[in-house]
Amino acid sequence: MNPVLKKQQTPPVVDLNAIDNIGEKTEGFYKVSFDKLRKNKLAMFGLYVILLNIIMAVFAPLIAPHDPTEMFVKNRLEAPSSQFFMGTDEFGRDIFSRIIYGAQISLKVGIISVGIGIFFGVFLGLISGYFGKLLDNVISRFMDVLFSFPDILLAIAIMAVLGSNITNVMIAIGIVSIPIFARITRSAVLSVRESQFIEAAKSTGVKDIVIIFRHILPNISAPIIVQSTLSLAFAIIAEASLSFLGLGTQPPSPSWGLMLNTGRGFMETSPWVAIFPGLAIMITVLSFNVLGDGLRDALDPRLKKD
Amino acid sequence: MENLLEVIDLKVTFPTSKGRIRAIDGVNFKVKKGEILGIVGESGSGKSISSLSIMGLISDQGQVEGKILFNDENLLNKTEVEMRKIRGDKISMIFQDPMSSLNPVFTIGNQISEAILLHNKGVTKKEAVEKTIELLKLVGLPSPEQRIHDYPHKFSGGMRQRAMIAMALACEPELLVADEPTTALDVTIQAQILELLKEIQMKLGMSIILITHDLGVVAETCHRVAVMYAGHVVEETDVYTLFANPKHPYTKGLINSLPKLGSRERLTPIQGQPPQLYDDLTGCRFASRCPFVSAECLENEQVIAEVTKGHFVRCHKEVG
Amino acid sequence: MFKYIMKRLCMLIPVLIGISTIVFLLISLIPGDVVDILLGTSATPEAREALRENLGLNKPVVIRYFEWMFNAIQLDFGESIRTGKPVIEEFFARLPATLQLAGLAMAISLLIGIPFGILAAIKKDSWISHVVSVVSMLGVSIPAFWLGTMLILFISLQLRLLPPGGFVPFLENPIENLKGMILPAFTLGTSMSAVVMRMTRSAMLEVLGQDYMKTALAKGVTPKLYRYKHAFKNALIPVLTVIGIQIGYLLGGAVIIEEVFALPGVGRLALQAIYQRDYPLVQVTVLMFSLGFVLVNLLVDIIYAYIDPRIRYE
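Chains as they are written, first to last, in my numbering: chain A, 1 to 306; chain B, 1001 to 1320; chain C, 2001 to 2314.
If you are wondering where the hints come from, they were derived from the structure by calculation, not from laboratory data. These numbers come from a predicted model, not from an experiment. All C-beta atoms, glycine included, are put in the ideal place defined by N, C-alpha and C. Check the hints yourself; a few may be wrong.
Between beta-carbon pairs, the in silico distance windows are [said to hold, decoys possible]:
| id | chain 1 | residue 1 | chain 2 | residue 2 | range |
| --- | --- | --- | --- | --- | --- |
| 1 | C | 2041 | A | 265 | 48 to 58 Å |
| 2 | B | 1014 | C | 2224 | 25 to 35 Å |
| 3 | B | 1278 | C | 2123 | 27 to 37 Å |
| 4 | C | 2013 | B | 1130 | 44 to 54 Å |
| 5 | B | 1014 | C | 2303 | 20 to 30 Å |
| 6 | C | 2303 | B | 1137 | 57 to 67 Å |
| 7 | B | 1281 | A | 31 | 29 to 39 Å |
| 8 | C | 2029 | A | 265 | 26 to 36 Å |
| 9 | B | 1264 | C | 2007 | 58 to 68 Å |
| 10 | C | 2007 | B | 1187 | 47 to 57 Å |
Work the whole structure out from these sequences, hints included.
And the structure:
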């Protein structure tokens, strides 16, 4: 078969109808997607739990019954009761209050580190996908190298170098999140770049920078939104893991991972110290995962379901 | 000639969120031994559903009623295990898109000899391979001894369709159902494949059901034709009568929308869209697009009837 | 096939160079003077000089880089700052526990993930399919260190069924070894089981909808052949990719799981090295983990090509 013909016959990766929808009538596309998402009960459950988390984090001082650092010396390691809804830890601090404040840390680390990942990842993916050639090769190989480290291990190694504190946790998880965004952006750019409306824009002399921001970026937002949600889940679990290992946030911070780690020491006598923070992590991560799944189905039916 | 296959009042319905769809609604046709029957219709007319019903491959949600008599035995009464023994052995099928109809991770030889080994107990692998090579020769594939070791992605579309035909012929079936076997192919290849089907039919003497939307294919290949529209057979006759003396307005419309060689006449397409096949349909299904429509057409559904010998039409105007 | 493997091996070279460069740079990127961090400012000048010598800090970074790479090729990664023994020896001494943990975890996840994934795809819309979806969602969301902790709490401490941690070498006492490994391997394998299960399910569903599956039916194949020969071999292709990626999570997770269950593996060695700022030891563990990940993925690629002829002949 004629290679040119063959190329034309392969269906475009990006649905041109979808592009129409995203390009000008942004509202329409997102409204349709949101309606689809609303029908997905599991995803909506995830969304509500995340909203609850945000409310917990923002209004922690109003919601929490106690100060997260206040030590009730007489009530050390007390089992859950009406006064201490989830019991107290080894210093007599209220676990329920600490979990509410802990949501602040999880969300902050999640949002900032995924923000770092999106910012650098999308930037690198855009330029390597759009300009191609040597630049693309260099960036792509570098991303391959970053991908070759098991991701938690890379975060651990970065923490080892930078030292343990919450800022470095965000930097480390941020760095680990870059390659996936770069890869998704690059492949999305590659498929959009060849489409006719970009050709048309180029042929009328529109500058590259304008094409990237006006035409390409809006068209790759769907996969990036989906990945952001899934990366948030990863970031939260990674923060908890690092803190659990003593490489992340430091005491007396009410990080869920840290609380779980100290709780391990009293497991036989006071299991609640370890049980509740773990539940908090699991429910939050689960919510982001189911929301991410739902978003993927709603925003892009052409992406594979799983 | 004896009937090999007789489809009697076949109905297939599927549940959807908007109600049941009557994909096929009382279809009748026969295939005689050694005959090529064409089934023509646009997409959604039910021609593919008819062929899948014959194969017993309608999905679990689909409800099938009526009779499909194959050698006087009703296939709809057979168990899945019995049908499995018929499929690929007595009745086999080839599909529209040869590019996606072959399993990409097995060699061509493996896929064809599998059909032989499935239906012939006692055949050794070596014999199956020999038979496979023989089949590939029959369908005109060059150097089959080497090509049996190739994977499908190394074959062109035409070659894959030849391989599909070889697979369908593996057990010398009495009936071959070809569902749009040339639609996905280049025009020159189309002609070759049709030629091959005719040739094989003559050589092996089997019957073929050729499903197509292309009247040109029918004219070239078939002995008799059934025209389907919106889940009904609207006209059934031999191929000469169909082109010389079409009775049903839909058939006439189809023929009129074909370009004629040397004629500069404007083509007259059929206006409008076929109806959606929900339960609440009344009257003739072609009524909304029919230039000869009358009040009767909108009220009563006409059943198919024989107007002249061997010429069946489903129209009030013709049957009265 | 040989050509394909050679091609993959060549593509590995820049990645390996990149990995080792990053690992080398790890130490150079430490803010402040490493010697100060390690010895404190009150150490004697002789001790400081000796440590500089050991870490090679008294030479320009480029020279150090080439020296380090040259030694690394010969598996010489320097000596441990704390014990003075070659770090590679320490690494190999700890390797068996980690290998056994990762191997068992992978075996568990494949044994759970693939059969249940297939079952969920075949019995689409049945209760088993829903259970598989829910369990796999939970499996990827549950923090491994918490799951491990809970298993220790309920199975070891309360029910006293299995030991809560520790490691007995397999050759010393196979039964005790396996008893000790069940919980850690299950914990580590949970998230991978979930991912493999999801991928198997969706890949099977996709394959079952393909045209060539209709061809198989029209040929009259038995349900067993239909599922396991025609469908599964195709579905295995995306599943393999996911397995390759999951090996990374497995290796990273080993660090955490070894800590939870007090297993003397490489992951725990790496953590100790980090706590003690034993940088050569950190380097060798990170490098070897990544190397392992890359090599496993190479193996996956080769199996991939073996199954999918389209890749083999590219």
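Going down the list of hints, with the structure as the test:
1. For residue 2041 (chain C) and residue 265 (chain A), the hinted distance range of 48 to 58 Å is not satisfied, since their beta carbons lie about 34 Å from each other.
2. Here the CB-CB span from residue 1014 (chain B) to residue 2224 (chain C) is close to 28 Å, well matched to the stated 25 to 35 Å.
3. For residue 1278 (chain B) and residue 2123 (chain C), the Cβ-Cβ distance of about 30 Å falls inside the hinted range of 27 to 37 Å, so the restraint holds.
4. Evaluation of the 44 to 54 Å hint for residue 2013 (chain C) and residue 1130 (chain B) yields a pass: the beta carbon distance comes to about 47 Å.
5. Between residue 1014 (chain B) and residue 2303 (chain C), the C-beta spacing of about 41 Å breaks the proposed range 20 to 30 Å.
6. For residue 2303 (chain C) and residue 1137 (chain B), the hinted distance range of 57 to 67 Å is not satisfied, since their beta carbons lie about 35 Å from each other.
7. Separated by about 34 Å at the C-beta atoms, residue 1281 (chain B) and residue 31 (chain A) satisfy the suggested range of 29 to 39 Å.
8. Distance hint for residue 2029 (chain C) and residue 265 (chain A): a CB-CB separation of about 34 Å, consistent with the stated range 26 to 36 Å.
9. Between residue 1264 (chain B) and residue 2007 (chain C) the beta carbon distance is about 59 Å. The supplied range of 58 to 68 Å therefore holds.
10. Under the hint 47 to 57 Å, the C-beta atoms of residue 2007 (chain C) and residue 1187 (chain B), about 39 Å apart, miss the expected range.
Checked against the numbered hints listed earlier, the structure breaks hints 1, 5, 6, 10; every other hint is satisfied.
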